[in-house]
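Whole structure, please, built from the sequences with the hints as guidance.
Protein sequence lines, in the order shown, are assigned to chains A and B. Start counting the first sequence at 1; every next residue gets the next number (the numbering used here). Start counting the second sequence at 1001; every next residue gets the next number (the numbering used here).
Since the hints were made in silico from the structure, they are not lab data. Glycine included, C-beta positions come from ideal geometry on N, C-alpha and C. A hint or two may mislead.
[Unchecked claim] Partner residues are not named here, just some residues of chain B that face chain A (Cβ under 7 Å, in silico): (1) 1075; (2) 1095; (3) 1099.
[Claimed, not checked] Not close to chain B: a few residues of chain A, all C-beta gaps over 10 Å, as computed: (4) 79; (5) 168; (6) 257; (7) 315; (8) 341; (9) 367; (10) 396.
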Amino acid sequence: MPESASKPGTPPPATLNSALGGRGAGGEPLAALRERARVAYDSLELPYWRRSGFWQTSFAELDLAALAPIAHEPDAAAAPAIIAGQRNAGVLVQRDASVVHVELDPELAARGVILCSLELAALEHRELFERYYLRRLTLDRHKLEAASAAYWSGGAFLYVPPGLEIAEPFQIVYEITAAGSAQYAHTLAIVDRSSQIRLREYDLASVEIAGAALHAGQFELYLEDGARCRLAHLTDWGEGAVSDVSTAVVEVGRDAYCHWLPALLGGRLIRHHDELVVAGAGGDMAFRGILFSQGQEHLDVFAVDLHETGPSGGDVHWRGAATGESRASFEGLIMINPGAQRSHTYLQFHSMMLSDAAKLDAIPSVLVSADDVSASHGGTVGELDELLIFYMQTRGLTRADAVRVIVEGFFEPLIVQLDDAPLEQQIRDRIGAKLAAAADDIERYALAR
Amino acid sequence: MATALEIRNLHVRTEDREILRGVDLVVRHGELHALMGPNGSGKSTLANTIMGHPAYEVTAGEILFDGENVVELEPHERAKLGLFLAFQYPVAIPGVSVANFLRMAINARREEPIKMKEFTERLTRAVELLDVDRSFTSRHLNDGFSGGEKKRAEVLQMAMLRPEIAVLDETDSGLDIDALRTVAEGVRKLHAEQGLGVLIITHYQRILDYVRPEFVHVMMDGRIVLEGGNEVVDRLEREGYDRIREEVAARA
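In structure tokens:
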């Protein structure tokens, strides 16, 4: 069932947890879960989400009959340029429908770390797989979610046993390489008690995708008691016609911590549901996000900060910019469940408009069912400051450079918090490239005001 | 000395009214000028027009820099020729440190990026000149700065970018006496040691006690109405703007 937007008189959109009725979808054998998803897939329509009343995020135009999984042979040299030259704890690359490359630091493997395709994990690490798989994800809220749950192939599985502190990042890459590709992706990651890791997932097009392609992804990360993770998602499907409907959930256990930053930097049509659940007492999190839409792109994010128990901490801070004729929507929900006393959280969204034809909506809401808590939201809407541009020009910067400095400066407070120089530079470079592509549009907008 | 900045019969308007009504002013390389005048006389309009602020339309006249008319040039092109404006109200650039901004601005004017060593040496000298802590340069430019810090940052940029001619728009406003002395001393040294040509725009004579200008111009109602040497400053202090206004009216 498509969710409805939160507007007066209608109920707020379902969190994963409420959709699950508090019970995970998993715990059954994979074949049974796939079969349930297949049945749901057959009966469900393509999803849409109604936005501010003037527009909607709709996948109804998607021609599923024209899309199919594309298989690839293993490829030893598959690490894409974006992570080349870095020291990594482990790398897993899925190209379209196939995992083509896995590497794991042998020392970590010897200490019990597992990094492999999810297909393999379902066979070889069955006990772990069945304990966690779909514990916090649904498989039948809409047709594309059901498709992903029924038909995923390849996939990524990461297990970090208790008590390990790993400085180098784990990198998981999903690449789409051609039009017509249907990529049903699934990442399952578990960080066991008191371990500490960095994890990044990249969702990328390796070339400009001229025709339609689809990424329907599921991501689940479980942080057991005292575990810590710095997690980043970088989604950039480029200028091509890639549609992306994905759900990601992070569960933060007792005294665990997660810093999570999804960066949505490109895609024709994207709907992401990102949910951070503080499930254990003393759990804390920082939920950051960046979105930047240009041209005809359409980005739609539903970000949830859910507190199931207290005391717990949360800090949600997203920033978005839009240019061209793009549409972007950020819907942020703080939810504090009954009994989650002494939870403290704050949600803020800041936007910057770079075109009068673009739309960028922020829809914050707060649902609190406990009395000894603090939860609020705030935000700003900004435009390019002409005086600031003039100021920089008098120092010798061109107008385009001044705009780039302003927009980078706008995102910089979030980027520096990544504390990860190569990733920070990737995001800055991508923002710079998007600004360069939109330079004419931005100038036209500025002169028209 | 060679002419650097020459303003001829400059007429400027904004959307609703004409502000400058025929300004003539010459600042040669290495000269120190002051432009004084009451509020609303057009001083800041002149400063902004010299740098090419888009809100001000030049309806007649010329602004020449080393003989080239710059009226049609973009602000950054004027900066590259060697013009600089210290703002009355400097603007904050969130997310960009003073040092990073300076490096960007310096590199914008040159073919090859400045070497780290040279940049650091320049920065060290500028930081000493303006009597600021080195950590100042890692803060975001003007973001949360006090009034005094903003003005110091303006002169710091001037020291780093090494323009030919600098226009200082009410750089003295809102400064306590220590900050005023530091800023004035910085300007004086850049003038004396680097041959910087300066046009100090001010409402008060206070800053001129520290930076003794060689040439003083008084602006009223969009025109220069009185010119001379330092004695003009003393006269203004004694008599105020009203007396001069009466004289101008009597002449007309």
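These are the hints, each one checked on the structure:
| no. | hint | verdict |
| --- | --- | --- |
| 1 | 1075 | holds (4 Å) |
| 2 | 1095 | holds (3 Å) |
| 3 | 1099 | violated (14 Å) |
| 4 | 79 | holds (31 Å) |
| 5 | 168 | holds (28 Å) |
| 6 | 257 | holds (25 Å) |
| 7 | 315 | holds (19 Å) |
| 8 | 341 | holds (36 Å) |
| 9 | 367 | holds (32 Å) |
| 10 | 396 | violated (4 Å) |
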